[in-house]
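Protein chains: 2
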Amino acid sequence: MEDKFITMAHGAGGAKSQELVAEIMMPAFDNKYLRQMHDGAKLSVKNNIAFTTDSYVVEPLFFNGGNIGKLAVCGTVNDLAMTGAVPKYISVGMILEEGFPVSELRSIVDTMRQAADEAGVYIVTGDTKVVNKNNGDGIFINTAGIGELIEGCDIAPQNVKPGMDIIVSGYLGDHAAAIMALRHKLQLPDTLKSDCAPLNKLVAKILKAAPGIAALRDATRGGAAAVLNEIAGQAGVGMLIDEECLPVRREVRGFCDILGFDPMYLANEGKMLIFANKADTAKILAVMHADEYGKNACVIGSTNDTAPGEVGLRTNIGGIRIIDMPAGEQIPRIC
Amino acid sequence: MEDKFITMAHGAGGAKSQELVAEIMMPAFDNKYLRQMHDGAKLSVKNNIAFTTDSYVVEPLFFNGGNIGKLAVCGTVNDLAMTGAVPKYISVGMILEEGFPVSELRSIVDTMRQAADEAGVYIVTGDTKVVNKNNGDGIFINTAGIGELIEGCDIAPQNVKPGMDIIVSGYLGDHAAAIMALRHKLQLPDTLKSDCAPLNKLVAKILKAAPGIAALRDATRGGAAAVLNEIAGQAGVGMLIDEECLPVRREVRGFCDILGFDPMYLANEGKMLIFANKADTAKILAVMHADEYGKNACVIGSTNDTAPGEVGLRTNIGGIRIIDMPAGEQIPRIC
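Chain order of the listed sequences is A and W. Under the UniProt record's numbering, the first residue of the first sequence carries the number 1, and numbering increases by one thereafter. Under the UniProt record's numbering, the first residue of the second sequence carries the number 1, and numbering increases by one thereafter.
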């Protein structure tokens with residue numbers, strides 16, 4: 001493909017669209033399902049399935065620790081894992097803005113393939129549209145995914161009961177801090193990078209060790225605060241978090257102190273919260289600590305029946321303040 | 001929800017996002033799967049499945065015969081049907097532009113529900129993002145879908161062989177002509193409207209009558225010309241179309257004559273091409289003629305082994321000209 005920039009013709013469904021698919025998408029994503037050359041992929045699945053979708057509109061597109069393509073694959077893989085499923089198949093819908101550099105597109109699709117390989121999923125079907133200059137923002141990516149539900153598990157927010165432990169899989173706020181630092185051109189240590197990662201293999205190991213886990217949720221948009229509030233509301237339980245247990249990197253905490261952010265509200269792309277019976281906590285942590293994506297996991301609090309629907313934070317100085325659902329715009333808005 | 005316009009807060013993952021989902025998405029799409037309140041839906045499927053995705057970026061959003069929401073549901077339903085599947089579950093990913101009118105959003109989601117009901121599918125999972133003013137185009141909708149493959153059928157472009165009939169399900173070009181007329185503010189008869197429709201129930205009936213059908217394809221972007229060329233290439237067969245057999249409405253033909261378009265290249269949203277053994281043609285047409293979406297179906301040509309990969313048109317005056325794959329931009333660009 002000789003074009004250096006995406007043109008309207010690449011979205012027209014004709015020869016240029018075919019060239020884009022044949023020379024960029026197919027070589028990057030190649031697998032036996034894509035080669036069926038259908039409007040849709042024909043797949044076989046075992047058991048019941050999980051189905052999810054997410055669109056990715058991050059700016060900047062490339063950042064320390066990944067790019068929008070890695071986010072799009074890992075995000076949908078993680079959403080499937082959080083339902084208690086083994087992710088299997090991913091669809092990719094791209095909306096490109098006229099003039100988008102073909103070199104950046106190549107880089108993004110290569111990263112998507114790498115992320116899919118790491119997660120063990122196939123990109124099996126896709127669609128590309130092109131919109132006029134200034135009617136888009138470079139590239140938007142939608143991914144949808146199908147996973148096979150792991151038998152013997154019942155993951156649902158309603159299963160969260162009072163007296164359970166709340167476990168976080170690692171440091172909070174890395175993704176949002178990395179994106180914001182880049183956007184504000186802040187000089188920050190190279191250790192500050194997005195945590196974007198596929199969590200499905202870790203989740204499968206955890207569910208094998210402790211099939212009775214009540215709920216799992218990745219703490220993306222709205223951060224840990226949004227997840228805790230959402231599940232507190234859905235389950236009708238209270239939650240109390242210990243501030244001194246919250247894992248936040250020194251550089252992220254410094255970043256939050258300077259700019260006035262709260263790490264509880266910062267988006268993550270490779271962190272999850274686990275709600276489990278206290279009897280299972282040691283088993284879960286043992287599995288997590290042996291995994292790259294869970295090595296810094298810890299208990300950050302527990303659920304209770306004293307304040308249904310409320311999330312409290314026991315602060316370092318001993319008081320308790322309420323952690324509300326984030327109310328207005330994302331601060332910082334990063335997706 | 002009191003807001004008249006979408007704000008960045010509606011995409012922030014916090015209270016305003018919840019409000020949008022609770023007051024607009026859930027009431028419109030309500031079903032037992034959505035009520036699971038997960039990051040993904042838990043579903044059961046029989047047999048093997050088909051999986052597909054498409055993004056919709058049409059302008060204008062509302063037109064005679066439908067709106068972007070109807071397109072998004074019918075398009076994915078049809079893509080599933082074209083693989084020989086019974087569509088079951090749909091995901092909806094929306095990218096809204098800051099300032100988009102909430103009343104239009106309500107109207108679009110209501111139409112999506114109606115289209116889903118007509119097609120007999122559930123909208124089971126979704127995601128909504130909001131991008132800054134001028135970084136989008138009102139609303140983009142991605143749908144992905146899962147269908148159950150009909151046992152005993154083997155629909156694939158490679159199954160198209162020389163000597164087969166090519167059937168079209170009805171008038172060509174209605175959708176593109178309706179959109180273009182609106183865009184150019186042309187006064188045209190009210191009969192000129194988009195053909196946007198779910199074809200899955202018709203396809204199921206056809207496949208029951210003639211399970212040996214070789215290939216099916218809806219003639220969307222790039223029109224019938226793109227589909228014929230694509231399948232001619234994939235199957236390695238030639239095709240010859242009879243111009244005098246092409247069903248084109250008088251008003252669409254007039255529209256094409258005035259503006260210099262060829263109906264073979266105009267997008268449709270409720271028309272398909274069927275490639276079948278001549279022995280099955282009568283059975284297929286009998287089923288189609290009894291259905292609202294197939295009542296004008298007819299044979300438009302046949303496949304051959306004399307010009308592999310080429311699509312020819314026998315014109316009304318007796319000559320043959322080549323119908324190429326559309327090469328550049330969509331003229332008119334409507335998706």
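Bear in mind the hints are in silico, worked out from the structure with no lab data behind them. The beta carbon of each residue, even a glycine, is placed where N, CA and C say it ideally should be. Any given hint could turn out to be false.
What the hints assert, rightly or not - Taking lysine to any residue pairs in the SDA-like style, the calculated list, with each CA pair at most 25 Å apart, reads: (1) K133(W) / E23(A); (2) K133(A) / N296(W); (3) K201(A) / E59(A); (4) K193(A) / G254(A); (5) K208(W) / C153(W); (6) K193(A) / L34(A); (7) K161(A) / K46(A); (8) K46(A) / K193(W); (9) K208(W) / Q36(A); (10) K205(A) / Y171(A); (11) K133(W) / E97(A); (12) K185(W) / K201(A); (13) K201(W) / N135(A); (14) K193(W) / C256(W).
What the hints assert, rightly or not - So the derived label-pair ranges between C-beta atoms look like this: (15) E2(A) / A307(W): 26 to 34 Å; (16) R253(A) / R183(W): 50 to 58 Å; (17) K46(W) / H184(A): 23 to 31 Å; (18) S44(W) / N277(A): 25 to 33 Å; (19) G236(W) / F62(A): 24 to 32 Å; (20) K185(A) / K46(W): 29 to 37 Å; (21) Q187(A) / H184(W): 37 to 45 Å; (22) L186(A) / A22(W): 34 to 42 Å; (23) R183(W) / L259(A): 54 to 62 Å; (24) S44(W) / R35(A): 47 to 55 Å.
To see whether the hints hold, each was checked on the structure:
1. K133(W) / E23(A): Judged against 25 Å, a Cα distance of about 33 Å means the pair is violated.
2. K133(A) / N296(W): Violated - the C-alpha atoms of N296(W) and K133(A) are around 39 Å apart, more than 25 Å.
3. K201(A) / E59(A): Given that 25 Å is the threshold and the Cα spacing comes to 28 Å, the pair is violated.
4. K193(A) / G254(A): holds (14 Å)
5. K208(W) / C153(W): holds (9 Å)
6. K193(A) / L34(A): Judged against 25 Å, a Cα distance of about 33 Å means the pair is violated.
7. K161(A) / K46(A): At roughly 30 Å apart (the allowed maximum being 25 Å), K46(A) and K161(A) break the hint.
8. K46(A) / K193(W): Cα-Cα ~43 Å, so violated.
9. K208(W) / Q36(A): Given that 25 Å is the threshold and the Cα spacing comes to 23 Å, the pair holds.
10. K205(A) / Y171(A): holds (20 Å)
11. K133(W) / E97(A): With a Cα-Cα distance of about 15 Å, the restraint between K133(W) and E97(A) holds, given a limit of 25 Å.
12. K185(W) / K201(A): violated (55 Å)
13. K201(W) / N135(A): It is violated: about 36 Å lies between the C-alpha atoms, which goes past 25 Å.
14. K193(W) / C256(W): holds (15 Å)
15. E2(A) / A307(W): 26 to 34 Å: holds (28 Å)
16. R253(A) / R183(W): 50 to 58 Å: The hinted range 50 to 58 Å holds for R253(A) and R183(W), with Cβ atoms some 53 Å apart.
17. K46(W) / H184(A): 23 to 31 Å: With a Cβ separation near 52 Å, K46(W) and H184(A) fall outside 23 to 31 Å, so the hint is violated.
18. S44(W) / N277(A): 25 to 33 Å: Holds, at about 28 Å.
19. G236(W) / F62(A): 24 to 32 Å: Between G236(W) and F62(A), where Cβ atoms are some 41 Å apart, the hint is violated.
20. K185(A) / K46(W): 29 to 37 Å: violated (54 Å)
21. Q187(A) / H184(W): 37 to 45 Å: violated (53 Å)
22. L186(A) / A22(W): 34 to 42 Å: This hint holds: roughly 37 Å between Cβ atoms.
23. R183(W) / L259(A): 54 to 62 Å: Since the Cβ atoms of R183(W) and L259(A) sit about 45 Å apart, the hinted range of 54 to 62 Å is violated.
24. S44(W) / R35(A): 47 to 55 Å: violated (28 Å)
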